[in-house]
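Asker: Need the complex rebuilt from these two chains, each delivered in its own frame; the hints are there to steer you.
Quick mapping for you: the protein sequence lines, in order, are chains A and B.
Sequential numbering of the first sequence, starting at 1, is according to the working numbering.
Sequential numbering of the second sequence, starting at 1, is according to the working numbering.
Rather than coming from a laboratory, the hints here were simulated on the basis of the structure.
Each hint should be verified, as a subset may be incorrect.
As the list claims (entries may be wrong) - Per label pair, the in silico range of CB-to-CB distance:
(1) Pro117/A with Asn116/B: 54 to 60 Å
(2) Val39/B with Asp192/A: 22 to 28 Å
(3) Gly163/A with Ile38/B: 27 to 33 Å
(4) Glu191/A with Ala174/B: 54 to 60 Å
(5) Glu167/B with Gly163/A: 38 to 44 Å
(6) Phe58/B with Lys332/A: 49 to 55 Å
(7) Phe58/B with Asn149/A: 50 to 56 Å
As the list claims (entries may be wrong) - Okay, derived cross-link-like pairs now, DSS-like style, lysine-lysine, Cα gap no bigger than 30 Å in a straight line:
(8) Lys285/A with Lys234/A
(9) Lys48/B with Lys288/A
(10) Lys285/A with Lys71/A
(11) Lys118/A with Lys48/B
(12) Lys285/A with Lys48/B
(13) Lys48/B with Lys221/A
(14) Lys52/A with Lys288/A
(15) Lys48/B with Lys223/A
Note that CB positions come from ideal geometry on N, CA and C, so glycine has one too.
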Amino acid sequence: MFNRSKLFSALAMAGVALFGAQAVQAQVIKIDGSSTVYPITEAVAEEFQKAKKNVIKVTVGISGTGGGFKKFCRDETDFSNASRPITKAEMEACRAAGVEYIEMPVAFDALTVVINPKNSFLKQATVEEMKTLWEPAAQGKIVKWNQVNPAWPDAPVKLFGAGADSGTFEYFTEAMVGKAKSSRGDYTASEDDNVLVQGVSRDVNAIGYFGYAYYAENTAKLKALAIVNPKTGKAVEPSAANVENGTYAPLSRPIFVYVKAKSLEKPEVLEFVDFYMKNAAKLTKEVKYVPLPANAYLGNLEHLKKKKLGTVFGGHNEIGITIEELMKREAKM
Amino acid sequence: MKPLTTEQIRRVIARGKFKDNLFKAIGVFCLALALVVIVALIADMVIKGSDRFTLDFFLNFASRRATQAGILSAWVGSLLVMLVTALAAVPLGVAAGLYLEEYAKRNWLTNVIEINITNLAAVPSIVYGLLALGIFVYQFGFGQSILSAGLTLALLILPIIIVSTREAIRAIPAMIREGSMAVGATRWQTCRYHILPYSMPGILTGVIIGLARAIGETAPIITIGALTFIAFLPPVPFTETGTGTAGLFDWVMSPFTVMPIQIFNWTSRPDPAFEVNAAAAGFVLMAMVLSMNAVAIYLRYKMRKNIKW
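If we strip away everything but chain B, and leave its shape as in the complex, we get (with noise of 0.2 Å):
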């Protein structure tokens, strides 16, 4: 074979540089793309809702007039109903992933389950919301409660808590439970102080994945029977109630509204008036969302750099 001229070096790199160049090109328009529509919808809301950002708009109780409509028992609502989400999803999504990649046995029983939580995953929220009706609402007696929505949406990212469990743990090299083993330390030992861990930024990723996915989820929390209009909110523990001393967990029992179903509400109405608010709303739930993954990232970064394998 003849050896090639410089010339024709030449080319072939530049051919490979136009393609470079190009895929580059093409890959920036799809990121641009992406996030342009994302800054168009919130510079819409921004400038829609800018009448609404004042303190009153946070503190004040939904109304029938438009400028004095607040979203108080809408936030305080979506944020206990995440508590509650947060306490029941967080440790058995973590605990389900861990026994699946630690400790169960490779057999078709584990198989079948595993592929049952995959495709849960995938399930429409509406179902969940039709199961908690029958199971929490009125089987366990709950009620239209903090507690029955909770633990529905609970239900609901349960796979994705359990999918990036997994995931996390399966990314940790088998060294380090070999070596941890090596030394004589149980498998608990193992999971407790290596496995958990390593694998916690992956966790937390996913966990604060699916509260942000449960956040927005309306369809299922209509179904356990949110309401439209609640002017109060639940009993802070240990206060006077006007029917006695409220208990510690009295707030979970409440009846409660939560943001998406505020916006609903106002969007659906019939003065005009009342899409200010909606849009005001709908950039504060984005707010949240968005300060909930910050919180992801910034935990996510702390503690990958006390990782020291």
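Only chain A is shown next, with the shape it has when bound in the complex (with noise of 0.2 Å):
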């Protein structure tokens, strides 16, 4: 077997030498990761290859959050996004492959619970109510509204959500039910949100949840369900504007990119960071996501400036962070 992985490898090298790989793929700025993340980090290459009039070759490629990193820490990437904080395991792989990075918050993402425009007795819903929608245990036993709340009616609850896969699902499971990926199976799941906004907007007593973007672009055919915050006791919709003032917990999330500290060394690869940086808040309301205070970007090329490496979230995932205690926590470090 070794032997034959030697031949194997003595080929590729000829292959390679044939072919010139490295001329090549020098000058290209390597993205991947996850696809919550995809529209701003694509919306940033597209306007810097403009800037730079094509001279430096930005890819972008959609493999997920965790095969993102998967890639990220195999050395194979520059950047990697992702919908969720590096995990343990993750940063333990680096570590393994001599992967260092810098963690840089870009965004904020809006968790929407969403229901059919027409559903007249659902206004708001609670945390709690969630759990005992979504928890494993409702599995083919809350199959009604008023099993969930009695002053609902007695009509067949159609549930939408993410596919076990995304960064997404995760969130969502660990904000509302207590535990990640913890959720009950019996539901439409799919990783294309449009199946998810198609399947809600034709089902009165349907429910689902996904990104804000999916949303904001559909207001004609779904309704954004308020959330009460479980420390407040209020209400609150999904909007930016709740998402900036920290209201909207505990489905707000931050996004990031994590930046490999090698690929710094390359002056086309720290030009993208700059560039991403200072374009990020407008680029990222153009996409429909919530952006940072400008001086969270600073920050963030502060750090790179200092080469703060490492992550603020010790390898746990958070819900209901808020901006505020975010840029706290990034300022710290």
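Answerer: Next up, the structure:
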């Protein structure tokens, strides 16, 4: 077996020498990871290439937050898009490969619970009600609205939610049910959020959840459900303003890019990060996410200058962190 | 036995004719059903995507703005991947088919190989993607490149080409071989001057069917890491790239995207305006496949005319 792999490697070397691989790949900035962060990074990459007259090349892939970190920690990409902080296992993988990184929050997303616009009985919901509806114990048992809340009608519940591999699923279950990836299984799951949009818009008794951008582009077909903030007891609708002032909790979440420290030795990568942070506020708004305050982006560049490596989350996902709290934590780093 | 009267004979004929017509009607209905579905699909894409059938759509890169987004990197990527696929799969597949049909001895080993090739044609494409991820991308170090994608799809369509090559060869009457050998031709000369030319129409059909399948494949390409946003083209040989002159084969190592991935990305975006792009791109992909089939039919027709047994 060992001999064969040696032979393969020799063949590969011959192939690479023949085709001159390095010459082409050296000038490309490689980005991969979450589909949630993708629209922002894509917008930045598009503008950056325009500004640089296409001399510096940027590629962006979508392989999910986890898939992105896998490539990132294997030293294959320069940036990793992530819709949640890096986990303990991923930190370990990066350390083993000698990959060091700088964590940069780039925006906030509001996970949005949506219902059909014709639904007249749902005005707001509490975290407990959502838990009753979505927890694993509800599977096959909670099938009518009045089982969740007696004030609601005796009508069937139609559930639509994110697929089990997405960061959205992980965050929603942790925020609502209390444990990541713990959810009932008898709902319509799709990695393609447009399938969920269609599903909820066609059924009066439907309820579903996904990122705010999908709601914002389809406000005619969907209604956002106000979620009661457990700290204040007030029902809050998802909106840019409510994410900024920290009242839309616990479904607001920060999203990140991770930059490989070694890549910063390349001048084009440094230039790209600079461009990203200076244009992120404007472009984030354009693709329907909530931008961070201007000094957050400056803080990211500050971290970059001082080479502050690592994460401020210590390998855990944190539920309901507000922009303000995140900023404080970043400043302390 | 009493001879039938004219009346009885007429009735038998009428019954036969009725059955004939019934079968004809069922046949036409089945055909119409298939045609209506495909015509409806194409019409739907053309109507939905009509706003995007401009030159810009073909010459623009992907963009976050639906009206400015185009398919340049996707169609160029698809064509280049197909080129690599064809260059790798056709010689291998035809040679393998020819060997199995004309050279190999009939024994248990060839039987095993035969069964395996037929089974390989039914292996889900994602499995080829996983195999290629391990071998081409990491072991050989080709990376997420056009070369990796082309070779992966070549593996995928190899069984199709081998099987169709063998069928085409088997359709040649034995007398052709015997006649060729009888005038003193070697086996290779028989293959070169008789078997291959006569089976070429059938082989070409298999090749095109294989390539048409490959161009629409998404799963293995995603597995080996095709990109979603890429706003540059592979380097054209012998041009300035910024870090030197591109070599003849530099493009095969370039990152890429292909049509099905671009379409998938557009359908999963929040902004419904991208559905128009997806429909238009879907039609372009369909047109690519149909024109490949047209080329196959034309070549087959032309080559058949030249065969005179």
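Asker: Compare the structure with each hint and give your call.
Answerer: A quick look at each hint next to the structure:
| no. | hint | in the structure |
| --- | --- | --- |
| 1 | Pro117/A with Asn116/B: 54 to 60 Å | 56 Å, holds |
| 2 | Val39/B with Asp192/A: 22 to 28 Å | 27 Å, holds |
| 3 | Gly163/A with Ile38/B: 27 to 33 Å | 31 Å, holds |
| 4 | Glu191/A with Ala174/B: 54 to 60 Å | 55 Å, holds |
| 5 | Glu167/B with Gly163/A: 38 to 44 Å | 42 Å, holds |
| 6 | Phe58/B with Lys332/A: 49 to 55 Å | 52 Å, holds |
| 7 | Phe58/B with Asn149/A: 50 to 56 Å | 54 Å, holds |
| 8 | Lys285/A with Lys234/A | 26 Å, holds |
| 9 | Lys48/B with Lys288/A | 25 Å, holds |
| 10 | Lys285/A with Lys71/A | 28 Å, holds |
| 11 | Lys118/A with Lys48/B | 28 Å, holds |
| 12 | Lys285/A with Lys48/B | 28 Å, holds |
| 13 | Lys48/B with Lys221/A | 20 Å, holds |
| 14 | Lys52/A with Lys288/A | 25 Å, holds |
| 15 | Lys48/B with Lys223/A | 26 Å, holds |
Violation of the numbered hints given earlier is absent; every hint is satisfied by the structure.
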